[in-house]
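Chemist: Model the full structure from these sequences, guided by the hints.
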Amino acid sequence: GAVVSQHPSWVICKSGTSVKIECRSLDFQATTMFWYRQFPKQSLMLMATSNEGSKATYEQGVEKDKFLINHASLTLSTLTVTSAHPEDSSFYICSARDRLAGSVYNEQFFGPGTRLTVL
Amino acid sequence: AQSVTQPDIHITVSEGASLELRCNYSYGATPYLFWYVQSPGQGLQLLLKYFSGDTLVQGIKGFEAEFKRSQSSFNLRKPSVHWSDAAEYFCAVGASSGTYKYIFGTGTRLKVLA
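Residue numbers (this note's numbering), protein chains in the order written: chain A, 11 to 129; chain B, 15 to 128.
Keep in mind that the hints were calculated from the coordinates and are not lab data. We put the CB at the ideal spot given by N, CA and C, even for glycine. It is possible that part of the hints are untrue.
[To be verified] Facing chain B, a subset of chain A residues (Cβ under 8 Å, in silico):
(1) D37
(2) T41
(3) T42
(4) S53
(5) L54
(6) L56
(7) G63
(8) I103
(9) R107
(10) N116
(11) Q118
(12) F120
(13) G121
(14) P122
[Claimed, not checked] Take a look, some chain B residues computed to stay more than 12 Å from chain A by CB distance:
(15) V27
(16) Y50
(17) R83
(18) H96
(19) D99
(20) T120
[As the list claims (entries may be wrong)] Far from chain A, some chain B residues (derived; all Cβ distances over 12 Å):
(21) G55
(22) N89
(23) V95
(24) S98
(25) T113
(26) V126
Modeler: See the structure below:
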C-alpha cells in the first residue's frame, strides 16, 4: 500500500516551453502533497505544499508563477514548470500524505521522481 | 528554527564493517524522525521511522536507529555493511502538527569498499 507514482519519469524539453509533471497517490487519498526539488548530489528542497481544492503554499524563494501547482483531486497533483530554462533542470520529487492519517502519524509517501532536462 | 544536521558528508567503510551515520535535529516539540536511502538517479526509500515508544527502531535491510532525546540525535546503524548499501542517506524530521512538513538533512554519501 501507500504507493505514489510520478509521470513522466524523465523529460527533455527545449528552453521556453512548459512541462507538466503528475503526482498520483495510487491506493490512498491525499489531501496534502508536497513537491521537492533536488539538485545533483544535494538534499531535497521543499518547493511547495499542495492542498486539495485550495491554492498551494510556496516556500520562500520559489516562484509561484514559474512553478504552477494544481491539486484538483484527492489523488492527483500536478507541477507545471512554465517557460523552462536550463537552470530549471533538476530532479523533482513529490510526496503525499494520507487523508486518513491523523497528526499522530505524520508520514509522507514519496514518488520515484522526475528528471527534467531543459536544453 | 527547525533543522537537521548530518555532520558527515562522506563516509567510507569496508564491506562487513559496522556503520553509524549521525543525525542531529533541532525541533521545538516531539519530533517524528525518518531515515531514507537514495540510490543514484532513484527516489527515496524509507528505511525506518520513529513516532513514539521504543527509542530503538528496527528498519529494513538490517538497519536500526536510536532516538536520544537528551542528545537530539537519531543515529542510523548497521552491524555489517554490504556493498549494496552504497548510496546516499537522508535523515528527516517531520512536524507533528500544522503543515506536516519534512526537513531533510544534507545527506551522507556512503561508499563501501570490497
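Chemist: So, for every hint listed, does it hold in this structure?
Modeler: Cross-check of the supplied hints:
A hinted interface residue such as D37 (chain A) counts as satisfied when its beta carbon comes closer than 8 Å to some beta carbon of chain B; here the least separation is about 16 Å, so the hint is violated. Because the smallest distance between the Cβ of T41 (chain A) and any Cβ of chain B comes to about 10 Å, over 8 Å, the interface hint for this residue is violated. Annotation: T42 (chain A) was flagged as interfacial toward chain B, and the flag holds, the nearest CB pair being 7 Å apart, inside 8 Å. Because the smallest distance between the Cβ of S53 (chain A) and any Cβ of chain B comes to about 5 Å, under 8 Å, the interface hint for this residue holds.
The restraint placing L54 (chain A) at the interface with chain B holds, with a minimum CB-CB distance near 5 Å, inside the 8 Å limit. For L56 (chain A), the suggested interface contact is upheld, since its CB lies about 6 Å from the closest CB of chain B, less than 8 Å. The closest approach between the C-beta of G63 (chain A) and any C-beta of chain B is roughly 16 Å, which is over the 8 Å cut-off, so the hint fails. With its C-beta approaching chain B no nearer than about 6 Å, I103 (chain A) sits inside the 8 Å limit, and its interface hint holds.
The interface hint given for R107 (chain A) holds, since its Cβ lies 6 Å from the closest Cβ of chain B, which is under the 8 Å cut-off. At a threshold of 8 Å, the smallest CB-CB gap from N116 (chain A) to chain B is about 4 Å, leaving the interface hint in force. Look at Q118 (chain A): its Cβ gets to within about 6 Å of chain B, closer than 8 Å, so that hint holds up. A cut of 8 Å between beta carbons decides the hint on F120 (chain A): the least distance to chain B is about 4 Å, and the hint holds.
A hinted interface residue such as G121 (chain A) counts as satisfied when its beta carbon comes closer than 8 Å to some beta carbon of chain B; here the least separation is about 6 Å, so the hint holds. Proximity of P122 (chain A) to chain B holds as hinted, the smallest CB-CB distance being about 4 Å (cut-off 8 Å). No beta-carbon of chain A is positioned within 12 Å of the beta-carbon of V27 (chain B); the least distance is around 19 Å. Non-interface status of Y50 (chain B) relative to chain A is broken: a Cβ of that chain comes within 12 Å, the nearest being about 8 Å off.
With a minimum CB-CB distance of about 18 Å to chain A, R83 (chain B) clears the 12 Å threshold, and the non-interface call stands. The claim that H96 (chain B) is not at the interface with chain A holds, since no C-beta of that chain comes within 12 Å of its own (minimum 23 Å). The claim that D99 (chain B) lies off the interface holds: its Cβ sits roughly 18 Å from the closest Cβ of chain A, which is beyond the 12 Å cut-off. Here T120 (chain B) does not stay apart from chain A, with its beta-carbon only about 5 Å from theirs, under the 12 Å limit.
The Cβ of G55 (chain B) sits about 7 Å from the closest Cβ of chain A, inside the 12 Å cut-off, so the non-interface label is violated. Distance check on N89 (chain B): its Cβ is at least 18 Å (rounded) from any Cβ of chain A, clearing the 12 Å threshold; non-interface status holds. Against the 12 Å criterion, V95 (chain B) stays outside the reach of chain A, whose nearest CB is about 21 Å from its own CB. Every CB of chain A is more than 12 Å from the CB of S98 (chain B) (nearest about 19 Å), matching its label as outside the interface.
The Cβ of T113 (chain B) sits about 6 Å from the closest Cβ of chain A, inside the 12 Å cut-off, so the non-interface label is violated. Listed as outside the interface, V126 (chain B) is consistent with that label: its C-beta sits roughly 18 Å from the nearest C-beta of chain A, beyond the 12 Å cut-off.
Hint check: violations occur at hints 1, 2, 7, 16, 20, 21, 25; the rest are consistent with the structure.
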